[in-house]
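2 protein chains.
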Amino acid sequence: MSRSVFYLSDRTGITAETLAHSLLTQFEGIAFTNESCPYLDSVEKAHEIVTRINAAASRDGLRPLLFSTLIDPAVREVVATSDGLLIDFFDTFIQPLESELGVRSSHAAGRSHGLGNYGAYKARIDAVNFALGADDGLNSHHYPQADIILLGVSRTGKTPSCLYFALQYGILAANYPLTEDDFAKPGLPTVLRPFRQKLFGLTIRPDRLREIRQERRPDSRYASLAQCESEIRAASALMRAEGIVTIDTSTMSVEEIVTTILHQTKLHRRLYG
Amino acid sequence: MSRSVFYLSDRTGITAETLAHSLLTQFEGIAFTNESCPYLDSVEKAHEIVTRINAAASRDGLRPLLFSTLIDPAVREVVATSDGLLIDFFDTFIQPLESELGVRSSHAAGRSHGLGNYGAYKARIDAVNFALGADDGLNSHHYPQADIILLGVSRTGKTPSCLYFALQYGILAANYPLTEDDFAKPGLPTVLRPFRQKLFGLTIRPDRLREIRQERRPDSRYASLAQCESEIRAASALMRAEGIVTIDTSTMSVEEIVTTILHQTKLHRRLYG
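Sequence lines, in order, name chains A and B.
According to the working numbering, the first sequence is numbered sequentially starting from 1.
According to the working numbering, the second sequence is numbered sequentially starting from 1001.
Among the hints, a few may not be true.
As the list claims (entries may be wrong) - Covered, in the sense of this in silico footprint (three residues per stretch, anywhere, with C-beta under 8 Å from a C-beta of chain B), are these stretches of chain A:
1) 44-53
2) 81-95
Claimed, not checked - On the chain B side, residues computed to face chain A include the following (Cβ under 10 Å):
3) S1002
4) R1003
5) L1019
6) I1071
7) I1244
8) T1246
Said to hold, decoys possible - A short list of chain A residues far from chain B (calculated; beta carbon distances all over 10 Å):
9) S154
10) L238
11) V245
Derived from the structure by calculation, the hints contain no laboratory data.
Since we're looking at a predicted model, the values are computed, not measured.
Quick reminder that beta carbons are idealized off the backbone N, C-alpha and C, glycines included.
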């Protein structure tokens, strides 16, 4: 038996899904069937959705959950007639904010994940291009522009973290993979030395690294526990000797890696929210 | 004069920021000063934050806005004593959900942007690696694994869209840049022909393309209006002749491009929310 969940939005639906996901992860053991309804921007579409909601209600024998960021009053009115439980994000919070701020809200749809101002859009695209160009030790001549340079052995989460820095915060993040060649020479790799203030280390438990590498190149020397241990030992010693702050990513999601680094470094975001 | 806004979270703060951003974009013309307070996981930290909130309140002469996804009751209790206006996302919606679902929520912090189950984590990282490996026409031998292949001339938004598909939804997205070489030959590029069902076209207005290319390579032939017009004309003719659905990305954000494609293609998500 599964409970139907509908995500109702005038635009992308990302806010409605984020909210719902946060709340529903608090209810383990309940099965949910998800249906996204983005770009719900006319009364006709609203009537279609109501038909689908009501069909789900009688099929499941359970009231569907409706997570809504709908703004258009005409669309909202139609949706409110359905058999679902309406969790209305704007309705709940806009009124208290209007009283506190002393102004009426604009009631304009789709501001939060739209193009917004062109400067912010460009900052983000530039950051994505930067991350791609300065991934995996490429183009170290871009390091003077970098906001941060992540450092660590292969498969510690550097690349997805750099992309997340770019897409979510517009931050220019480069990354440099530490390899045996680097460990053979004393001190930091030469290309990194002028940028010591920008360096942040990622480390990981050897058994977890082995697991990740094993999926990529099964039964290789690269994936062996001995190799993982030796690389991590050398990288940790180097970063400690050079006074580079590191975090252990073994049990962290990409979002946790990035927000922890932001929190620790107080790095300036080029985009907010 | 600026209103202080605090984002209070047990974990990453991403949900609190996303939700707050959605609400605050409805209030144009008001200046906000943002302060993120992630990893707020002890009563001591809560007391520190209350001090900062109260300092902001007396500095601004305005009540700070507090957007909270805090779960820990002890931490919430301390925060509730501050001089801010508390907008509490969990408190507001968890209770109605508990009654509707007939169970108590787990009150566990950090579920929505944490590592979650390892399968979902791996799907996402694999998708990021896929997008990087199959960017810009690279590795067409990966196309059999692709969920979708974006097609369009240079600078129509293919790369950031593929990365967003990967990070947000775990979808395996490749992209192929249409160039003059492709237009010189009849029909679809040979490597794409077996994958017609996976193709989705991005197009753009010539003046917008010119603007974007101009920033990348100022005053080049590549950025000239004539070149942009000619490439777009040829690409549109090709995609129309081949029956490939396209969208115009001229005024779309990356989120809008991706959610519109998801909505139109009914592509299966490997990750939800």
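**Report entry** Restraint check, 10 Å cut-off on beta carbons, for B/I1071 near chain A
**Finding:** Hint on B/I1071: holds, closest Cβ of chain A at ~8 Å, below 10 Å.
B/I1244 was flagged as interface toward chain A. Is the shortest Cβ-Cβ separation under 10 Å? Since chain A brings no Cβ nearer than about 21 Å to B/I1244, farther than 10 Å, the hint is violated.
message = Count the residues of the stretch 81-95 of chain A whose Cβ falls closer than 8 Å to any Cβ of chain B, and tell me whether that reaches three.
response = Our answer is that it holds, as 7 residues pass the Cβ test (under 8 Å) against chain B, meeting three.
Given a cut of 10 Å on the nearest C-beta pair, is the interface hint for B/R1003 held or broken against chain A? holds (7 Å)
Taking a Cβ-to-Cβ distance below 8 Å as contact, does the stretch 44-53 of chain A have at least three residues touching chain B?
Violated - the stretch 44-53 of chain A has 0 residues with a Cβ nearer than 8 Å to chain B, which falls short of three.
Q. Taking the closest Cβ pair, is B/S1002 under 10 Å from chain A?
A. violated (12 Å)
*Hold the hint about B/T1246 up to the distance rule: shortest CB distance to chain A must be less than 10 Å.*
It is violated, given that the least Cβ distance between B/T1246 and chain A is near 17 Å, above 10 Å.
Q. Far enough from chain B: is every CB of that chain over 10 Å from the CB of A/L238?
A. holds (25 Å)
query: Is the hint on B/L1019 kept, meaning its closest Cβ partner in chain A is under 10 Å away?
result: Hint on B/L1019: holds, closest Cβ of chain A at ~6 Å, below 10 Å.
Is it the case that A/S154 keeps its Cβ farther than 10 Å from each residue Cβ in chain B? Nearest chain B Cβ is 12 Å from A/S154, so the label holds.
Exercise for the section: May I ask you to check that A/V245 keeps its beta-carbon over 10 Å from the closest beta-carbon of chain B? Expected result: holds (15 Å)
Of the hints listed earlier, those the structure fails to meet are numbers 1, 3, 7 and 8, in rising order.
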